[in-house]
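There are 2 protein chains.
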Amino acid sequence: MNIDMIRAAAKRLDGHARKTPFLSSPFLDEIAGRRVLVKAECLQHTGSFKFRGGWSAVSALDETTRSRGVIAFSSGNHAQGVAAAATAHGVPSVIIMPNDAPRLKIENTRALGAEVVLYDRPGGESREAVGAAIAADRGLTLIKPYDEPQVIAGQGTTGLEIAAQAAELGIDQAEVLVCCGGGGLTSGVALALEADAPGMRIRPVEPEGFDDTARSLLSDQIERNDRQSGSLCDAIITPAPGDITFPILKRLCGPGLVVTEKEALQAVAQAFLRLKIVVEPGGAVALAAALFHGDQLDGDTVIAVCTGGNVDPDVFAQALATLE
Amino acid sequence: MNIDMIRAAAKRLDGHARKTPFLSSPFLDEIAGRRVLVKAECLQHTGSFKFRGGWSAVSALDETTRSRGVIAFSSGNHAQGVAAAATAHGVPSVIIMPNDAPRLKIENTRALGAEVVLYDRPGGESREAVGAAIAADRGLTLIKPYDEPQVIAGQGTTGLEIAAQAAELGIDQAEVLVCCGGGGLTSGVALALEADAPGMRIRPVEPEGFDDTARSLLSDQIERNDRQSGSLCDAIITPAPGDITFPILKRLCGPGLVVTEKEALQAVAQAFLRLKIVVEPGGAVALAAALFHGDQLDGDTVIAVCTGGNVDPDVFAQALATLE
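Residue numbers (the numbering used here), protein chains in the order written: chain A, 213 to 536; chain B, 213 to 536.
Keep in mind the hints are simulated off the structure, nothing from the lab. Beta carbons: idealized from backbone N, C-alpha and C, even for Gly. Each statement offered as a hint is correct.
Selected chain A positions facing chain B (Cβ under 10 Å, derived; list incomplete):
#, residue
1, 234
2, 487
3, 532
Derived DMTMM-like pairs (lysine to aspartate or glutamate); straight-line CA-CA distance at most 20 Å:
#, chain 1, residue 1, chain 2, residue 2
4, B, 474, B, 507
5, B, 231, A, 226
6, A, 231, B, 380
7, A, 462, A, 435
8, A, 474, A, 507
9, B, 223, B, 408
10, A, 223, A, 408
11, B, 462, B, 432
12, A, 356, A, 337
13, A, 223, B, 380
14, A, 356, A, 327
15, B, 231, A, 380
16, A, 462, A, 408
17, B, 462, B, 435
18, B, 223, A, 380
19, B, 474, B, 524
20, B, 356, B, 275
21, A, 231, B, 226
Restraint ranges, calculated between C-beta atoms of paired labels, are given here:
#, chain 1, residue 1, chain 2, residue 2, range
22, B, 411, A, 384, 40 to 46 Å
23, A, 338, B, 231, 45 to 51 Å
24, A, 228, B, 329, 48 to 54 Å
25, B, 226, A, 430, 44 to 50 Å
26, A, 302, B, 227, 39 to 45 Å
27, A, 432, B, 534, 48 to 54 Å
28, A, 441, B, 466, 48 to 54 Å
29, B, 231, A, 228, 17 to 23 Å
Extracted from the complex, chain A is given alone in its bound form (with noise of 0.2 Å):
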């Protein structure tokens, strides 16, 4: 895994994927003591920053392994981001989902192209052993969501687009906070930025109660969650750090920060009525660590990766009601 592939997938996605824009607002300044600057991958195709690494992994194929499709276990933003991939590039996909997915993701991934096989998750069904009887079966490819080298080169690309977007600002010092599930788009913005902008701290963020890449960044080995479901930060919940993408942080990422579920839905409510963006609740626990956290802070400049907008219009409401 290095910064030769990150740059690669940045070559195959050109066109493709979209040049997500850096959006900033007065009144963030003001609540974070700080400029804060908000690269906003909600507005990445498929609603999150997950179609990159998808179509990464996709496009990294030979043409005959590809013909023959590709599977995904996601809950929901990988999947999308698979699927799309994979129907741009005309091969069919599946996508192993838990059957307590959000109705939203489940429908959007099926509009998208795919297949969509449900595990019953709350009842302990093994997502591995539904998958893996259709893979073999088919001859599919599973596309892994962060434990995979061309995945976390497509998630890097963000952070070559950060890198230069910085520049334009004459920014080259700055703490960058990145949504942190299991490590493949924080270990690919390490990278990048570690090349082109190595002035800068990554810093992965998390939701209390499924901080296991803090936890695993303390103790110095990968850490695992109590629990991997019950949150409203569903995008960014993952049992463990991966094996590829756990020696990548601890090089180069600062301490992990954690933050509450009402700060996120603050966080949500902030990006609505100040950026104009729709985050859902597991992407903007970066902003919300911005915004809320500023004493673990270092720098004049945070930059904070809003990293999906595909949020249950009633979650989007219970994040508006802490405004009122």
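Take the given structure of chain A and dock chain B to it, following the hints.
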């Protein structure tokens, strides 16, 4: 009023206004029955395209005149655009606003550095009388919201970007739908596209009951609205097309389109769901026409400008409720 003024404004805005992205979604294409590209001006500074006109007008003043300050009448978005531009130039601004304008817009305008003076719109007080007295007293320059060449020039920079962004996608033929109040944006975009993308046709879009421009284009003379308030699309409610804007609209625009308030709310909801942007009802009428009035459009591509995103949370919740 000509294209050279728009190009000059683009130079003055460079590095200050955002080049807002083109967004799209296969889900919107499916509703519309053609390709839909959205120019997301809600992501502009201050949450609407009005920042462009405000910056253009303030930056065009000679230094002595500018230093005395500027004044504007506005129900909201123009106010924020002028206030932010004046503050960034280090000069005072006074904004005359109706006392029934959305609370959020009044608060934002103050926070952006303006002195807000409220007049009693429901009670019939003349904003012109209120404003004239203050302007005379302090030597302020009036920045009109649309019937002002430098404002039209600033809004027209949106059109230069549309032409360039469409060309990148290989598109030179399209209907370009613009949310239309007094016609500042619509006429500016029309002039820009006449020069840079002559294969495109501009179509003004208005809410039902406030279709002064559509009726004026039909009758070939300036027609007025009966009402000037009482719409969720408050951002684009004006008495009539302007004396400067209307001749441009007449020469360059196709027939106007009219959407219902409910369609505007549905478009707000679709922009939330599919594009992850926050659009106010008045800023969504062009998208509403693209989605729900395709029978009045030609060609396989429609470009809709989403002009602003300054919407109160309760109105946004009303829009999301249309999804159920």
